[in-house]
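Protein chains in written order, with our numbering: chain Z, 1 to 379; chain G, 1001 to 1379; chain Y, 2001 to 2379; chain R, 3001 to 3379.
Please keep in mind that the hints were generated in silico from the structure rather than gathered at the bench. Just so it is clear, the structure is predicted and the values come from calculations on it, not from any experiment. Using N, Cα and C, we set each Cβ at its ideal position, and we do this for glycine too. Incorrect hints may appear among the rest.
Every beta carbon over 12 Å from chain Z, so not counted as near; a handful from chain G, in silico [as the list claims (entries may be wrong)]: (1) K1042; (2) E1045; (3) I1053; (4) A1124; (5) W1186; (6) Y1229; (7) T1350.
With a Cα cut of at most 30 Å, we get these calculated DSBU-like pairs of lysine-lysine [what the hints assert, rightly or not]: (8) K153(Z) to K2293(Y); (9) K120(Z) to K219(Z); (10) K2277(Y) to K3293(R); (11) K1233(G) to K219(Z); (12) K293(Z) to K2219(Y); (13) K3181(R) to K2159(Y).
Residues of chain Y clear of chain G, computed beta-carbon distances all greater than 12 Å [unchecked claim]: (14) L2017; (15) L2021; (16) A2026; (17) A2057; (18) L2062; (19) A2069; (20) S2077; (21) Y2102; (22) T2115; (23) Q2169; (24) E2180; (25) T2185; (26) Q2280.
4 protein chains.
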Amino acid sequence: MAEKIRLGILGGGGNSLIGELHRIAALINDNYEIVGGVFSSKWEENIGFAEEIGLAADRIYLDLDSMVAGELDLPESERMEVASILTPNFLHFAAAKKLIDYGFHVICEKPMTTTFKEAKLLEAAVVKSKIVFALTHTYTGYPMVRQMREMIKDGLLGKIHKVDAQYYQGWINTLIHDPEKRKTTWRLDPEKSGISCCMGDIGVHAFNLIEFTTGLQVKSILADLNYLYPDNKMDIDGTVLLRIDEYTKGIVRSSQIATGEENGITISVYGEAGGLKWEQENPNYLYVLSNDKPMQVYKPGHAYNSVISLDGTKLPPGHPEGIFDAMANIYKGAARAIRGEKYNDGEFPTVKDGVRGMSFIEKSVESHLKGNVWVEIEN
Amino acid sequence: MAEKIRLGILGGGGNSLIGELHRIAALINDNYEIVGGVFSSKWEENIGFAEEIGLAADRIYLDLDSMVAGELDLPESERMEVASILTPNFLHFAAAKKLIDYGFHVICEKPMTTTFKEAKLLEAAVVKSKIVFALTHTYTGYPMVRQMREMIKDGLLGKIHKVDAQYYQGWINTLIHDPEKRKTTWRLDPEKSGISCCMGDIGVHAFNLIEFTTGLQVKSILADLNYLYPDNKMDIDGTVLLRIDEYTKGIVRSSQIATGEENGITISVYGEAGGLKWEQENPNYLYVLSNDKPMQVYKPGHAYNSVISLDGTKLPPGHPEGIFDAMANIYKGAARAIRGEKYNDGEFPTVKDGVRGMSFIEKSVESHLKGNVWVEIEN
Amino acid sequence: MAEKIRLGILGGGGNSLIGELHRIAALINDNYEIVGGVFSSKWEENIGFAEEIGLAADRIYLDLDSMVAGELDLPESERMEVASILTPNFLHFAAAKKLIDYGFHVICEKPMTTTFKEAKLLEAAVVKSKIVFALTHTYTGYPMVRQMREMIKDGLLGKIHKVDAQYYQGWINTLIHDPEKRKTTWRLDPEKSGISCCMGDIGVHAFNLIEFTTGLQVKSILADLNYLYPDNKMDIDGTVLLRIDEYTKGIVRSSQIATGEENGITISVYGEAGGLKWEQENPNYLYVLSNDKPMQVYKPGHAYNSVISLDGTKLPPGHPEGIFDAMANIYKGAARAIRGEKYNDGEFPTVKDGVRGMSFIEKSVESHLKGNVWVEIEN
Amino acid sequence: MAEKIRLGILGGGGNSLIGELHRIAALINDNYEIVGGVFSSKWEENIGFAEEIGLAADRIYLDLDSMVAGELDLPESERMEVASILTPNFLHFAAAKKLIDYGFHVICEKPMTTTFKEAKLLEAAVVKSKIVFALTHTYTGYPMVRQMREMIKDGLLGKIHKVDAQYYQGWINTLIHDPEKRKTTWRLDPEKSGISCCMGDIGVHAFNLIEFTTGLQVKSILADLNYLYPDNKMDIDGTVLLRIDEYTKGIVRSSQIATGEENGITISVYGEAGGLKWEQENPNYLYVLSNDKPMQVYKPGHAYNSVISLDGTKLPPGHPEGIFDAMANIYKGAARAIRGEKYNDGEFPTVKDGVRGMSFIEKSVESHLKGNVWVEIEN
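Extracted from the complex, chain Z is given alone in its bound form (with noise of 0.2 Å):
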């Protein structure tokens, strides 16, 4: 094995479950050895938790503008060749940007920007430049998602005609139906979370798992929001109608006031000859179905399976694997890139995915705002 990447960490200090997220991921297949970063905008925390997670001190830098300086500073062998950038999502951009520019590859959360505009600057960027930029869509790194994906490129279905996606969660209804709450909880206040509360956080999620899957690109979509009360400011729940073509249709179907639901994400695709479905809360097990035959549930581990999703597991049949290790797969496919080794298409997502993310979540406002008429998704 080659030696370990060297890997910075923006954001995700203190109690942060991404972080845990990406430091397990991290870990997980022995590529990366985190290096320093910036866990927090406050000191104290900062080198506190950098302490806590085993950390030498002298590469917590103070903001993204130190680390940059300093790990320049360093010789190529030492330097921070990569930075996880899981910072509040308005920060994304000017990271992502920064450490592009000064040539440093990067593994940023999703929503990838705030706007379509800083998504289409970002995507210029990293064309310019050499740098690996991988988009943390974690459910595309699930072996069952990849062995979907897998499928449909080999003409299983045929053509395709139909797709269904769903991310249903209910946790807001906690926070949405008290009138302080809504107003003070920071994922509802545009100024912080984009003009997209539903769509941005989840429905994004269930758009890319369409294209992933699918390997096509929805051309149109109309949308209809739910905001639930009129003080409130941003989407909680949200049906959006697509267009793939003239005769290949589908749904995104989000909500964070289906109440019991827990992080519900389901996808189906039909084509002409047959017929695929997943879902998240159970990812090791994929559906496939048929005009004729029975039904198979297709497994992780097994021979018979492709290989990308075979690379994505990592013990035998009924050994089950679950979201840390998702996001190791994607992980495992940056450290691929980064260190110009071959590998698949479709082992990370790229700055590609998250501009047509960013693009799905404005289209879906505008054409809600303009009273649910169809609008072009732009590249």
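Please build the complex by placing chains G, Y and R on the supplied structure of chain Z, with the hints as guidance.
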């Protein structure tokens, strides 16, 4: 037990599955005795089938008119009391109207009529008369669907904010992709099937389940349908956005090209305080969700169920009943009404459900053809 | 269709669930007409119930003897042809024996008799006669159980090495822990129920499913039963080890104190080349396992199913049928046999199944009482 | 957070899956730092693997003896504190014994030893010392298994009357039916694997889960094993009857020829007042049954869960964690013990579990060979 109700049947002869479903359902609770009818417009088939199922020839009629005349000639104590209409859709209206006008109770397959206008005329006729009119939206007969309705009525969910009903099948794939077959199948011929295939045949069930379980009325809809081929005249897939009120929204998702799906009806209802989910293919499970407690799984036959749910269960818990039993429950409710016994709202769908269903179908097509705009459901 | 078969019923009156199950099952496929019987040993209840279900009084009899005499007085073309025995267990033998001796076909609830000796006498009587004897092991009537049998017969599993059948219920908890109730419930009184409660009532179904689906015969068993309280006279739980041959083994697991279980019957059969699994509470799914291919899920009504499975399915895929339909399939098979039509082995359990079942019950108790030793099942 | 614990690893090099499982589990909660060890008895492989996973060569040792010697030479603040034993089974005892004697904490794979006698010697050594000894019965690390234990401890089930644990796999089919392969595979060679294949490798996990979740001790067992071929020396399937007390019974069902089963571990526990069921392949669901209330489905990460269950969950509800996370929970508990922090009983299995497991294995074989008689489990 009171004497058995004398039942006539229109249509449903030969290998008709719907005929078998109704006959068995009628017999299951010992309420009905089949006395005669018209099983086919061809006399040989008609009389042959009647003999096959053990009916005496003297009450098998050439057509509806002779049946009405013949039965009116009989003394009231022997006369047919109710007739089940299982004929092709385009004949429903005329048959039902005549039966009502002559004082027969009616059990009618869906769609109730082929147009909204006919539905309104039928409604007027029913209202003016004293007859019982039951529309066989079979799925409302399942004990757990009834349980869902009762729990919502009792306020378990608090204010409802989101509904999502699906009816996915894949059977039309075997026809639709073949240019010859799609030209010649009656389901895809507007002359024979009315203006809609997918919404008219199955989408309307999903719509009905939403109104049945929640007790709410959908105010307006926006539909996007899929005709799949330029030469195909009827929708075979579509999504319909629903507005119940400004902040209560929903979806009807319906497809006949969802490859490999069999009879995939699901309904999810989410309110401020809870959620309820049900799937037709596993009809004896009702999933009860809450913001903070473990999910509960309700099953039929338990003391914890509502009266109307228990009334629809014949055996102890763990002995699965199915769709024949669901239909039998509708016949049971209709029998009570016919006998003038006390029954609960919801024991059978009524002409009102038929009116709303026909409006849903027509308005779905209208919304689609106008370019996916909002249109109002009429009463 | 041939004329309907004239069916009489012994027992099953009042609120009897088993009575309802048999009556509905008899009616479902238009094969039988119920002509009379003895529904209760109390005349008022007997005649009252007959009236309730719409039977004429003249063929309701005081007891079995007068029924046999009365029916024999009728011309053969009107005479009862078959009788269903739904009386308490200890009356099965005498009733069946008399009916057989007088030339009536018999449909008998299980357990067939109360002792193995009686079972053998009954078998001899059946063999000597020309009558059809059907034992209602209802679960064999499910289409997917029949499919399982056919797939095994066709060699899908190769040599079978392991069988595991479960029948878990929890209902006796409400009686067994109460010293008064457990003394007075008839199920726990050997005088009324025979020597075994758990094995006799439910374990025997699990045993039967093993022999029915595999076509193999269990050679010897070793049982460990649980009586739970020193003053309780009958087993309410137990595990029985099975030997089919030296290297093919298995288990019957049975319990009435499996708290919260409803009617938890499962069967798994594993062979050199594949495995099959089925669960009664979701009867329309058959899980087909292999060493190296994805699991398949068979469902009823598809062209890929065997003839005998399809014969037991009335509606298209996705329309769940249940236990009434399973019982109706057994009645359908018996009807064919009674009419002298061609039918397939397995369409209904026979007196032979009853003999083996009674041996299983007696030998389970014998093995347990002798200190959990191996004993042989007799034919 | 305290400083990281210095961990050494014995075995688990190369493509070893168990090695990967332990390394990742050790890293997941930031408690351990891997400092060295012996990954293979072949030096080239040993040092090569160490380099591959990024370890410095100076603490990679030739063998256990030199490791112990080398580490004792280091100052206490740098010295390895704990070692994970992942070697072939027959080496566990000697390694563990030496490590304990020299004051190293031990994390040991199961089976703990190859004989009960060794297990007792190890227990004595542990008791005499102050070291922490953790046995990696991985499945006890799942949050829902821990929840099960806590609910039983809290009395939810009342007095327990029935336990049923299954461990079904089918993988040995690919070897056992081939006369050549079954002679040469190490798993089937008593010299290398101990006296039992099926009970020793997997049955013991099922046994452990029963004692872990219920807190009860199995008193005696009766085993029937299957060797499948006359020339095969070890069990590859078997059922073990359990007696916990006179009226509390149970079963361990274990197989490696359950064709198509992957890692099918299930446990069901039934008591007077309730039942609990869990399946390893869907580890995030715990089914809670009662005599009269709807079944509840507990999932991880909710406030309604017990402290020890929540402690083993890193992400919010709906984000599935898997077997790496379960193993990580055991490492987490061991870390607390090693640091002298407070921890709860059940956070990791101990030498006591190893002693009972070894007795279960030996006694299963003894019972079988004596002709399926009852034998007592020893402490």
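* Looking at E2180(Y) again, its CB stays over 12 Å from all of chain G? -> The assertion about E2180(Y) holds, with a minimum of 22 Å to chain G.
* **Status of the stated non-contact between T2115(Y) and chain G (beta carbon gap over 12 Å)** => holds (28 Å)
* To do: Confirm or reject the statement that T2185(Y) sits farther than 12 Å, beta carbon to beta carbon, from all of chain G.
  => Non-interface label stands for T2185(Y): nearest chain G Cβ at 16 Å, farther than 12 Å.
* **Given as non-interface: E1045(G), which should sit over 12 Å from chain Z by C-beta** => At roughly 30 Å from the nearest Cβ of chain Z, E1045(G) sits farther out than 12 Å, so the non-interface label holds.
* Taking 12 Å as the cut and beta carbons as the points, is L2021(Y) off the interface with chain G? -> Check fails; 7 Å does not lie beyond 12 Å.
* Once the closest CB in chain G is found, is it more than 12 Å from A2069(Y)? -> holds (28 Å)
* Asked: Was A2026(Y) rightly flagged as not at the interface, with every chain G Cβ beyond 12 Å?
  -> Non-interface label on A2026(Y) violated, nearest chain G Cβ at 10 Å vs cutoff 12 Å.
* Least C-beta distance from T1350(G) to chain Z larger than 12 Å -> About 30 Å separates T1350(G) from the closest Cβ of chain Z, which puts it past 12 Å; holds.
* Are the Cα positions of K293(Z) and K2219(Y) separated by 30 Å at most? -> violated (37 Å)
* Asked: Non-interface claim for Q2169(Y): all C-beta distances to chain G beyond 12 Å?
  -> Incorrect as stated: the minimum Cβ-Cβ distance to chain G is 7 Å, not above 12 Å.
* Holds or violated: K120(Z) with K219(Z), Cα cutoff 30 Å? -> OK: K120(Z) and K219(Z) at ~18 Å, within 30 Å.
* Asked: For Q2280(Y), which was marked as not at the interface, is the minimum beta-carbon distance to chain G over 12 Å?
  -> Non-interface label fails for Q2280(Y): nearest chain G Cβ at 8 Å, not farther than 12 Å.
In this structure, the hints that do not hold are numbers 6, 12, 14, 15, 16, 23 and 26, in rising order.
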